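Below are the chains, spelled out letter by letter.
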Amino acid sequence: MKVSFPYMGPVTAYRKLFEQLGYEVIVPPRPTQRTVELGAKNSPEFACFPFKVLMGSYIEACELGAELIFSSGGHGPCRAGFYGEIHARNLKNLGYQAEVVIFDEPLYNWKGFYNNVKRLKGDNSFFRLLRATFLTYRVMSELDKCERLLHRISPYQRKAGSAEKAWLLIQKEYANVFNGKGLALARSKTEEIIKEIELSKVEERDRIKIGIIGEIYVVLEPSINMGIENILNDLGCETERSQYLSEWVDYMLIPGKGKKEKGIMAKAEKYIDIVIGGHAKQNIGHIIDFKERGFDGIVHLKPFACLPELVTESIIPEMSRVYDIPILTLSLDEQSGLTNNLTRIEAFVDLIRKKDRARHIS
Amino acid sequence: MLSEVYVGIDVGSVSTNIAAIGSDQKIVFTYYTRTNGQPLVAIKKGLYRLKDELGDDTTIAGVGTTGSGRQLAGVMVGADIVKNEITAHAVATTNIKPDVRTIFEIGGQDSKLILVKDGMVVDFAMNTVCAAGTGSFLDHQAERLGLPIDRFGEMALKSKTNVQIAGRCTVFAESDMIAKQQYGFSKADIIMGLCRALVRNFINNLGRGKMLQPPFVFQGGVAANTGIKAAFEEELKQTVTVPDYFDVMGAIGAAILAWEEVEQKGCSSFRGLDSLKTDFTPSSFICEGCANMCEVIKVEANEVTIAVWGDRCGKWKENIKQVKLKEII
Ligand code: SF4
Ligand code: SF4
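Sequences listed follow chains A and B, in order. With this note's numbering applied, the first sequence corresponds to residues 260 to 621, in that order. With this note's numbering applied, the second sequence corresponds to residues 32 to 360, in that order.
Heads up, some of the hints might be wrong.
To be verified - Here are a few chain B residues that sit away from chain A, every Cβ distance over 10 Å (derived from the structure):
1. Q69
2. L71
3. D88
4. S99
5. A173
6. K218
7. A255
8. C298
9. T312
10. V330
11. K348
As the list claims (entries may be wrong) - Using 25 Å as the maximum straight-line C-alpha spacing, the simulated DSS-like pairs for lysine-lysine come out as follows:
12. K418(A) with K348(B)
13. K128(B) with K268(B)
14. K404(A) with K431(A)
15. K268(B) with K468(A)
16. K241(B) with K529(A)
No lab work stands behind these hints, which were simulated from the structure alone. Every value quoted in this text rests on a predicted model; they were computed, and no experiment measured them. Don't be surprised by glycine CBs; every beta carbon is placed ideally from N, CA and C.
Generate the whole structure from the sequences, applying the supplied hints.
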């Protein structure tokens with residue numbers, strides 16, 4: 260059975276899971292302009308941007324022969340709830356037979372979740388499934404940790420591109436992990452790779468930290484967010500995201516591990532008291548969290564036609580004033596040109612630098 | 032008399048503007064031309080004109096570039112600083128009017144709102160998708176009414192009756208205008224209605240959720256239009272200042288930034304006017320080195336690659352031979 264999955268963040272990790280379960284894995288191509296156009300053409304016009312990119316990505320996976328696509332869903336008032344259904348129907352209309360299996364939160368639909376797990380497990384024993392899941396999870400968390408570190412140090416790299424080069428090498432290392440021993444080896448190799456990056460010394464007071472918030476798909480996937488973290492790094496800013504996939508898995512699947520997320524939600528209570536879908540509420544919480552942790556600014560990524568993030572956007576001017584932190588909202592869609600957004604991002608960084616300098620002088 | 036000037040170049044998709052300031056920060060030269068899809072040609076023309084006007088005794092002591100073509104222009108002239116147009120505009124305005132709080136900038140292809148406090152940008156918004164808030168909208172309507180655009184403002188001020196024109200979108204505005212014409216409203220009234228619609232649009236789109244405080248400055252090519260200025264003043268119930276060099280403010284900002292940069296560095300990286308004779312050829316390709324598939328842009332001078340950007344891992348930058356440019360040119 261040829262399986263595929265959405266291209267979102269650490270694909271190396273998903274690949275692990277399916278390989279371990281004996282599936283033939285089709286890694287979907289990294290989303291490109293073609294993916295986006297293909298998706299937009301085959302989606303309802305009012306659909307949100309992530310829906311369209313996923314659509315395009317599934318089509319490309321099908322072109323490569325995918326027969327089964329595993330994906331995760333969402334619930335609640337935003338559109339993510341009916342993503343899977345429409346994706347599957349559109350694929351059928353295009354003549355592809357691939358089946359789309361959507362994993363929902365277990366607590367939300369326990370029975371459906373269980374059935375999907377059985378589907379994923381196939382002929383494997385539960386033990387094997389658990390082992391594969393655990394290994395995947397470890398790979399995912401370690402990759403997340405590396406990525407986080409790299410975006411913190413890459414603004415200070417001596418040679419342009421060395422952090423990105425390291426990231427490519429690290430992903431390769433983890434692609435070859437099949438058991439605990441491999442994991443340990445990859446970890447030590449990774450340490451070496453990271454040590455190789457030459458960094459210049461920068462005083463703490465001259466460092467600029469920017470938090471990235473927004474809808475989960477555009478926050479996680481650089482290919483559809485213009486590589487926002489790299490852009491900011493190149494402008495000399497450290498970045499950290501509101502979401503890392505391993506944290507999201509913690510929150511969704513591992514009881515007791517979602518404390519951080521709950522704390523974040525509590526912070527948002529004052530502004531949004533109901534869950535309105537997507538990650539709007541978390542994002543409000545993250546603004547406050549980033550501010551409390553001494554970040555200098557926030558970039559908010561809003562996919563076009565995303566209702567929850569539109570709500571976030573409307574609260575942002577007030578939050579920015581109350582918490583005295585500059586926030587830049589960038590709207591992402593199939594037409595968003597890099598040139599214009601680059602102008603906004605550069606101006607935003609200039610603004611933060613000036614603000615910082617003024618603070619140090621006074 | 033030997034004198035030094037600092038030059039700012041603002042390369043937009045519609046127009047290319049150049050300004051030069053003396054070491055006393057006085058503006059000594061301004062130039063405006065259509066880009067016509069050939070920014071390099073436009074820059075060359077402008078710089079030769081500068082040389083002609085200021086004479087041989089003047090040396091260029093520093094250069095800054097801005098606008099959507101800033102990066103390429105920067106490589107070509109050897110700019111001391113390459114800056115985004117929002118910052119450049121704000122620098123120019125705060126230099127001329129230090130207490131400014133709100134800047135409206137409306138150009139041919141986009142419009143910006145910049146909020147300033149104590150000479151520092153504190154917030155901004157830029158409209159790049161909707162034509163209803165830019166100069167091209169007015170150009171188009173002027174043409175339709177058979178009126179040269181430079182008479183638009185003067186005509187608008189003759190308006191006696193307040194006509195509401197739906198300005199949400201170019202298409203609606205146009206059909207609404209035709210309807211109003213058929214009702215028999217005068218051209219002047221309709222034009223003033225259009226100006227009001229554009230201003231309402233600008234404030235609703237860009238100013239949403241923001242506090243607009245005086246003093247206000249209005250700049251960019253569209254600021255030539257006295258009708259729009261009047262409409263802003265009417266809407267805000269405050270005076271709005273249009274600076275003398277409203278149409279080249281981005282270039283002035285770039286020149287000031289170049290001056291600051293050279294003051295700090297102590298020397299300029301400007302390549303000299305002679306280097307403009309060289310053929311610069313920009314091109315781009317997709318690197319297939321990994322899944323990132325970066326769009327790499329490279330600039331060649333006399334068939335030697337002198338600059339590369341867009342390669343995330345630095346793979347192509349590494350290959351540039353560190354040859355002295357003088358040797359190529
Ligand atoms: S959160 Fe927004 S972008 Fe994401 S699925 Fe929901 S509507 Fe679409
Ligand atoms: S330039 Fe580097 S990061 Fe970009 S596609 Fe080529 S190898 Fe990959």
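Run the C-beta distances from K348(B) to all of chain A and say if the shortest one exceeds 10 Å.
6 Å, violated
For T312(B), is the shortest CB-to-CB distance to chain A above 10 Å, so the non-interface label stands?
20 Å, holds
In terms of Cβ atoms, is chain A entirely out of 10 Å range of L71(B)?
17 Å, holds
Taking 25 Å as the top limit, are the C-alpha atoms of K418(A) and K348(B) close enough?
10 Å, holds
Would the hint linking K241(B) and K529(A) be met if the CA-CA limit is 25 Å?
21 Å, holds
Holds or violated: K404(A) and K431(A), Cα atoms, limit 25 Å.
Roughly 15 Å separates the two Cα atoms, so the pair holds.
Once the closest CB in chain A is found, is it more than 10 Å from S99(B)?
Label violated. Min Cβ-Cβ 5 Å, cutoff 10 Å.
If you draw a straight line from the CA of K268(B) to the CA of K468(A), is it 25 Å or shorter?
40 Å, violated
Against chain A, does V330(B) keep a CB gap of more than 10 Å to every residue?
Non-interface label on V330(B) holds, nearest chain A Cβ at 16 Å vs cutoff 10 Å.
Minimum C-beta separation from K218(B) to chain A exceeding 10 Å: can you confirm that?
35 Å, holds
Over 10 Å to the closest beta carbon of chain A is the bar; see if A255(B) clears it.
Given that every Cβ of chain A is farther than 10 Å from that of A255(B), nearest at about 23 Å, it holds.
May I ask you to check that D88(B) keeps its beta-carbon over 10 Å from the closest beta-carbon of chain A?
Non-interface label on D88(B) holds, nearest chain A Cβ at 35 Å vs cutoff 10 Å.
Of the numbered hints stated above, those contradicted by the structure are hints 4, 11, 15, listed in ascending order.
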